[in-house]
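Chemist: Build the full structure now, drawing on both the sequences and the hints.
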Amino acid sequence: MPKREDLKSILIVGSGPIIIGQACEFDYSGTQACKALRDNGYRVILVNSNPATIMTDPEIADATYIEPVNWQTLEKIIEKEKPDAILPTMGGQTGLNVSLDLATRGILEKHSVEMIGANKEAIDNAEDREKFDKCMKELKLETPRSGFAHSMEDAWEIYKEIGLPCVIRPSFTLGGTGGGIAYNLKEFEEICMNGLKLSPTKELLIDESLVGWKEFEMEVVRDRNDNCIIVCSIENVDPMGVHTGDSITVAPAQTLTDKEYQEMRDASFKILRRIGVETGGSNVQFAQNPEDGRLVVIEMNPRVSRSSALASKATGFPIAKVAALLAVGYTLDELKNDITDGKTPASFEPTIDYVVTKIPRFNFEKFPETDPRLTTQMKSVGEVMAIGRNFQESFQKAVRSMENGLFGLSSVLKDSEGNGALKLELSTPGEKRLWYVAEAFRRGWSFDEVFDSCKIDKWFLHQIRELIEYENTLLELDLADLDKVKLLSFKKKGFSDARMASLLNVSEEQMRKHRYDLKVHPVFKRVDSCAAEFDSSTNYLYSTYEQENESVVSGNKKIVVLGSGPNRIGQGIEFDYCCVQAALAFREEGVETIMINSNPETVSTDFDVSDKLYFEPIVTEDVFEIIRHENPEGVVVQFGGQTPLKLTDEFEKNGIKVLGTPSSSIDTAENREKFKSFLSEFNFLQPENRIAQTAEEAKIAVDELGYPVIVRPSYVLGGRAMELIYTDKDLKNYLTTMIDISADNPLLIEKFLDDAVELDIDVVCDGEDALIGGVLQHIEEAGIHSGDSSCSFPPYSVGDTQLHVLKKEIKAVAKKLDVVGLMNAQVAVKDGKFYMIEVNPRASRTIPFLSKCIGTSLAKIASKIILGKTLKELGLGAEIMPTNYAVKAPVFPFNKFRKVDPILGPEMKSTGEVMGQGDSFGEAFGKAMRGAGETIPKTGNVFVSVKDTDKRHLPDLCKKLINLGFKIIATKGTAKALEGTDIKVKTINKVLEGRPHIVDAILNKEINMIINTTEGRQATKDSASIRRSALEHSVFCTTTISGGFAIVESLEKGAKNWTFKSLQSS
Amino acid sequence: MKFDVKLLLENGISFEGIGFGYQKIGVGEVVFNTAITGYQEILTDPSYDGQIITFTYPHIGNTGINFEDNESKQVSARGMIVKNFCDFPSNWRSKQSLEEFLIEQKVICISDIDTRHLTKILRDEGCKVGAIYPTKNFTDEEAKFEIESFGSIEDQDFTENVSVKEPYNYDKPKNKRTFKIVAIDFGIKENILRILQRMGGDIEVVPPSISAEEVQNMKPDGIFLSNGPGDPQVLVNPIKEVKKMMQLDIPIFGICLGHQIMSLAYDLEIEKMPFGHHGANHPVHDLKNNVVFITSQNHNFAVAEPNNRNDINITHRSLFDNSIQGIEHNEKPFYSIQCHPEASPGPKEFETLFKRFFEDMNA
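Chains as they are written, first to last, in our numbering: chain R, 287 to 1352; chain F, 440 to 802.
Hint data in this document are derived by calculation from the structure and do not stem from the laboratory. This one's a predicted model, so the numbers in the text were calculated from it and none came from an experiment. You may find that some hints are simply not true.
Just the calculated beta-carbon pair ranges, DEER-fashion [to be verified]:
hint: 1; chain 1: F; residue 1: 443; chain 2: R; residue 2: 578; range: 38 to 44 Å
hint: 2; chain 1: F; residue 1: 795; chain 2: R; residue 2: 580; range: 53 to 59 Å
hint: 3; chain 1: R; residue 1: 400; chain 2: F; residue 2: 791; range: 29 to 35 Å
hint: 4; chain 1: R; residue 1: 449; chain 2: F; residue 2: 657; range: 36 to 42 Å
Each residue gets a CB set at the ideal place from its N, CA and C atoms; glycine is no exception.
Modeler: Structure (structure tokens):
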């Protein structure tokens, strides 16, 4: 059946900001869907609030709305665009939930919009646990023994039936938010109460615990002729009990016989049919009892997902693209398999001849208050994938892709820590469980002891044990003993040069030299979806140590673009966006583009994006081998964030050309002393700072600078361990608990610019001329990490004259620094003076946002400049001035981490961002808040409690709030600041002042909004329960005074008056 | 026990690797199978007699060997080629390691070679006769001699090695209504018998030498022609007898080699394919119902395109290469299929095909 001709325009719902459980995999799938549908002649309307996505580039859809993804906004857009259909399955849980809202509220029916890909009934059947359970019963498939609770009383009833431990899952929450395993009654009550609160339907599923069972996932695609295929099976190395997003997983499944595999395959198809997924991709999760093979269905998702993105990358079969085309009526046999150059149809099941390992990446270090144990609620922020010709190779390649300083199964336990600690690590998994497994083998634990403690399937345990045996043999050897045959046997198992070097007690360089001397190099194999049964010319490649090299090197001019590796807080989708732009720009210029990346969620690892894709770890060893083979013109490091930048020195040392800004400039910008002298000829001040190598030096430095100060270890990403210090006590505390200060690890202490306005400036420079991309004003004052600060474009409270001076200076800085490509500067403005906080001669986090604001891709321009074009040649002279306001707002993962204080500071904690646009700053800010999932109340009680330095702003803010109809409630101290004004204030106790206090009032729903600013560790600690309660009870809370003013502006504008314009129409 | 081992192909290309299993020389036509699961079923599939199997999936042996999944009592393949040989299985049903099984079955295995490279050679140049041999027991010259003596798969009757010698009655079905089926065994897979029996087949398994007259005397409700190894064209007598059986107006159903024999009995021609179909992911288009089945495949010969034939219909085609996968007679209840609806290993969705046989017998 060919495509449907009755549909002309299709609305695609994006997934909104990057949050835990919903990352850039939906940019990958959404982009594929948009492209595929447009190629087939449909008008595509896209809604997504996330500006850092490729999908929101104006070329991807016909009408792009960077607006909040909720039913209210979508209704307005539907009214305006009148689409024939809505495709809800590309935007993750968000897309599905919002589409369901539209259907439930009759909006789709009212506007005759057909839901394609999945209908309301199918979504309901899959998402509503009670209905799902019923469907499974009809199919005679087992589900865990379980019950549904809509109240605590129900929950206790179920507990009586199934006992403990049990798994608690709230319905309709994302990435299992609010779920968990209860081992005792206290935990049971806690998780149930919390879950009932979080579930939009106030529903909990309480399951018998299958902890220790094996876990599998099947990626299924179905077309409207009922042709079903399995694209890929996935096996979790971590048994049940750990969310699949947090598990190390392997594709394909390793420990299933054909009989068991086929049982899962058949069950998956039956489930899709019964749930009612007529077309598209879904995944089905199973648990299997390792004792007797009993199979239990855990859940299914009637949409593309994180695992379908993984399956697509693991097999080369583009699930999202195919799913989009099936939704408009094609059948699988009508579609071609792109990777075999269309020689085979899409109606087959990919078969692979390698092993794929995915390892999740966590950021627990940023949330020290939370328990870093893995449970059924997802907590990882990113992932890596690696491909090898056996599990060990793919696993060890994935390990070094993680960029956490580990290049293999190094010891993570201190010698002093005993077997008790090890046992605990094995039985209550944290992010490094497999390293502890390795440690147990290293310490000579018996195989069964290890298995009994962790229940990881013996097949995987054996693989780890064997790696440790290999490592042990190295300890006995000298480098010279390692002949070619022996070395190859290690390389085939994926051992990195770095790991081998440390076991042999030599440097990585020595190890590499030895390997090169022995002429031991990897070859490159193709990912072709068919295990070489058909010829493929698609350059989707991975390295391994074998015989035949399939990577044919062309004679073209070629450039290597290094990606940004796993998503983590501080380095996310923004950098993948820039890498993709670079690849597209190079291809536009006719240069062969070679992409290297290890993150399966990304658009950059779509084999369509570059001429050649190497799915490889971004570390020296693997990158060098590719460069050695390809011999490119040079490498581009400025788009992928810190990951590639870190390699710059190594490139220089080894004669590999870094294209664009010279590495000496990077050094000047990063070396504090050099930068200080560099800056001396410009009109910038620098916040006074000191370097301390001991605690004593730190104290002296602070005494000289005076409080408050910002402290940070000298070389950090995303503001790691950065803190604002107000008192001696705080300083002492920081030095003893937060970091190990030493000569190798000096501390940078900087005078904090209280009350300054912070600006972010992005600029493109060709060495001769510079173009200001734009100036963004942070809404939160200096001291909040720039990644966590909302910002406005254009600035809303800095004068034009001042901006003019600043831009001129920044351009001069870029030229003087020999920037070729992008540069970002962070500047604080205080009392009319400019303070240079830092300069980064590379793509910044704000590039995609800014590019969306000005309608020009700055990363693309930079790429062309890197190729030697000048701004003049590109016809770019004048800065593009904005026609309206845009606000970027960060999104935080606080709700995933119990007990964490949701306060902002110098350490970055946000996972993603949204953009709001409007005619005024107020509208843009309001939309950004809405996009971030916050609802600003229109009226009610505002609780205000502010730090001393903010008190002078308080009367003004409160007056404005009262004019808007709010009532003010304040702590006694804050109320005092309002004495003498005519502002009516009701006072309330702080938590420490006795009851009833502010938290009681929050729990009693007497507070509608909170403005709470603090300073100093103690005050912050004392007030944490206010912010935490606000978070848990969805009370809108801002922790900066400027945030308070922004809210007022947005309320003054009023959401009623919002207008929605597509990027293409403005 | 590991040993040094070599694979030599007739074109002189050789691979050195690590040996597992039984230390002898294994000679046969080297083919590749792309299935990820099911090595136990593949190894015990009698259709692989005369062949050496390259597994493209790089971990083989992970789930060991159990007592339920064999497709015949013995391994018929002459050898196996894998990338990583797993000698530490993990599966709740596993009773034996793959290595123990290979030693017991006297089968040699070469591992640790670039199987993808080998696969590409076979894909581009066609299947090759080859030999796997422990280098301490055999010289290259000896191996070359063995390869030459093996000759070509096309002139040999391998069904003799794997078919039943005396007729026997398979376990009786438990169904109320049963059908008497004569199953001619050219190397029948156990799962075909299991399915036929489950659906009510009271099966008499007979050797390939059976005559049409003998079959007639058994008064069957239906005749089944099994899968089996090698070139169908050497099976001159069975083809002749099947032609006669077609005069009996009893439903006839053939799978794989059985399908080729029926095609030859229709006077169609058979072609040798360059590297055949061996895998569990092949799409087959059901032309009548316009649906696609994912199927298990294992054949090196295919039925050539017929010219102007009105008596038969092509019912199924491969979506990989458009080759003929199913044929039925226009008037008579004869139909046959090239792929393996009995799966084992592979997708089970095509099992529905057996239904028609029972409907025809019921008619």
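Chemist: Each hint needs a verdict: does it hold in this structure or not?
Modeler: Hint by hint, here is what the structure shows:
1. F:443 <-> R:578: 38 to 44 Å: With a Cβ separation near 41 Å, residue 443 (chain F) and residue 578 (chain R) satisfy 38 to 44 Å, so the hint holds.
2. F:795 <-> R:580: 53 to 59 Å: violated (34 Å)
3. R:400 <-> F:791: 29 to 35 Å: Taking Cβ atoms as reference, residue 400 (chain R) and residue 791 (chain F) lie about 32 Å apart, which means the hint holds.
4. R:449 <-> F:657: 36 to 42 Å: Violated - the Cβ-Cβ distance for residue 449 (chain R) and residue 657 (chain F), about 60 Å, lies outside 36 to 42 Å.
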